[in-house]
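Protein chains in written order, with this note's numbering: chain W, 397 to 909; chain F, 2 to 91.
You may find that some hints are simply not true.
Have a look at the derived ranges for each label pair, beta carbon to beta carbon [to be verified]:
no., chain 1, residue 1, chain 2, residue 2, range
1, W, P410, F, Q87, 32 to 42 Å
2, F, E35, W, S886, 50 to 60 Å
3, W, S740, F, G45, 56 to 66 Å
4, W, F408, F, S16, 37 to 47 Å
Keep in mind that the hints were calculated from the coordinates and are not lab data. All residues carry an ideal CB built from backbone N, CA and C; glycine is no exception.
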Amino acid sequence: MKNSIGREIPEFIPGLGKVTGFGGAFARKPVGRTAGAALSTCLPRADKLLASIETAIDAVGLKDGMTISFHHHFRNGDRILNRVVEAIAKKGIRDITLSPSSLNTVNDALIPYIEQGVITAIETSGARGKMGRFLTEGHLKKPLHIRSHGGRAQAIESGAIHIDVAFLGAPACDRYGNINGIQGQSACGSLGYAIQDAAYADQVVAITDNLMPHPLFPISIPQTQVDYIVVVDSIGDPAGIASGALRYTKDPKELLIAKYAADVMDYSGYLQQDFSMQLGSGGASMAVGRFIKTKMLERGITGSFGVGGMTGVFAEMMEEGLFKMMFDVQSFDIPAIDSIKKNSNHLEMSASYYANPHNSGAIVNNLDAVILSATEVDVDFNVNVITDSNGVIMGASGGHCDTAAGAKLTIVVAPLLRGRLPMVKDAVQTVVTPGETVDAIVTERGIAINPKRLDIIDNLKNSGLPIMSIHELKDIAYKLCGKPEAIQLSDEIVGVVEYRDGTIIDVIRRPIF
Amino acid sequence: MSKLLKAAQAGTVESSDILIRLIPGDAGSGIQVELVSPTMQQYGKHINNLITTTLVSLGIDDVQVNATDRGALDCTIKARVITALQRAGE
Chain W
397 MKNSIGREIP
407 EFIPGLGKVT
417 GFGGAFARKP
427 VGRTAGAALS
437 TCLPRADKLL
447 ASIETAIDAV
457 GLKDGMTISF
467 HHHFRNGDRI
477 LNRVVEAIAK
487 KGIRDITLSP
497 SSLNTVNDAL
507 IPYIEQGVIT
517 AIETSGARGK
527 MGRFLTEGHL
537 KKPLHIRSHG
547 GRAQAIESGA
557 IHIDVAFLGA
567 PACDRYGNIN
577 GIQGQSACGS
587 LGYAIQDAAY
597 ADQVVAITDN
607 LMPHPLFPIS
617 IPQTQVDYIV
627 VVDSIGDPAG
637 IASGALRYTK
647 DPKELLIAKY
657 AADVMDYSGY
667 LQQDFSMQLG
677 SGGASMAVGR
687 FIKTKMLERG
697 ITGSFGVGGM
707 TGVFAEMMEE
717 GLFKMMFDVQ
727 SFDIPAIDSI
737 KKNSNHLEMS
747 ASYYANPHNS
757 GAIVNNLDAV
767 ILSATEVDVD
777 FNVNVITDSN
787 GVIMGASGGH
797 CDTAAGAKLT
807 IVVAPLLRGR
817 LPMVKDAVQT
827 VVTPGETVDA
837 IVTERGIAIN
847 PKRLDIIDNL
857 KNSGLPIMSI
867 HELKDIAYKL
877 CGKPEAIQLS
887 DEIVGVVEYR
897 DGTIIDVIRR
907 PIF
Chain F
2 MSKLLKAAQA
12 GTVESSDILI
22 RLIPGDAGSG
32 IQVELVSPTM
42 QQYGKHINNL
52 ITTTLVSLGI
62 DDVQVNATDR
72 GALDCTIKAR
82 VITALQRAGE
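Produce the complete structure using the sequences and hints provided.
Spelled out as structure tokens, the structure:
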């Protein structure tokens, strides 16, 4: 069948079963009730502390075929996921579904366990590096199941993902299982992606390198959800968890794109007193902050709140009084971690609060503007952030489609060419974010506004910005580099891209290399 | 110029450039292009063709070309081929 954006989606996908095709960004209405964790009890004076990860695997009764989850707040410094899977493999347990909130290149170390059949399914935000290529080659038994951050929260709360055991890296954990992410040698800031896991997993194992006296303060994940605690030497490498301050790009092309994006936001009419915004973490999207800040100071306006994966750049604006609050699902750099520690208006939020379309209102719905990066875009304004131009998985869905759907103004920034490859095309390789939720594409050579947004087109009329149709933009790219020949694909589906509402927006077919 | 006197190269392996190396070929061996490119699937044939036609238009019949592409545009590819050829002459 073809879904509503014309992508060919089989009704039945081997390894996943019957699927529902995407029918529009807000077409699916949720029915039923939220799922829940198994009931449990902990008798007074019981001890949750276990000697090792191995003991914990025994204690939770992990078996073949179960689903285990992890959060990715330690990014490339993570010492939990690989370690737990290694222990599971040693016990001879197989056929595990891995459900981490995302994967980083450090997790390339899991490849042997996929080859051995320890892991046979992965549901996550995306994959990079060797793992991305390995999954693209179809070595995983079931297709990689890609969900956005909001989509993952939705799937956990609806029961589409049932987590048997969540293994949660805990930068600070007390003896009765209260957890936060801001204290200790492995502090990572917000634990936003772990909050649903802790609440909905049948059993929760906290793994910490910082066992603290009870009660811990502040508490992000409560003791009522944590069954066992394991103390290890180190849960993360601080150098890999967070970089020093993320700074604005110096690349002149990215800066020009950022300047254009800030101007589009300005002329569109969304840069008003008490506006709210999210900036992606890519070079150009983050640099938009610099131009927005200048405009705010010039005009003497202040914003209401910022959302997202948070950086020190945003924290600095908040501390200077330019924004009232920040909602943080993941703290990207050390200044952001410091900020969430000390600023009471820098709030930790769960992935569901951030972006779940099937609760009573995620914060993305309150966004005025979001600036997002893209791997490639097409003339229907669809955006790909998951595969490269050769069809290889090399990115993550993240909150891309969630914020695009929620925000009043969604600006996608990308260079017009990367090397010789056009980034505005007739059709993207893989759709992650549907064009109906994208309002503007900003490149260094021109800006295209979604024809649906007559209001924005009108507001930009006298802006002096290089506004053109998306087809004109694509033509400029094709004139410079020629029309690319389509890459050769097999029929084998190696990945599915689930939209935030649980429908399938696209599939990834194995390229013929 | 219709014959190369010696091997020569032009270009770099920086992003958006192409490294062209020309090696004189035996008479009658024709133009042999060996191309490595990150955009092989999308533009491989086109780049191969462009290198060949550029050489033919300059009167070259026999040459071995090793091209290491890093995403160069046509103008760059042509310029590197012409420069390499000039360096391969007297």
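Task: Violated hints, by number in ascending order, as checked against the structure - done: 1, 2
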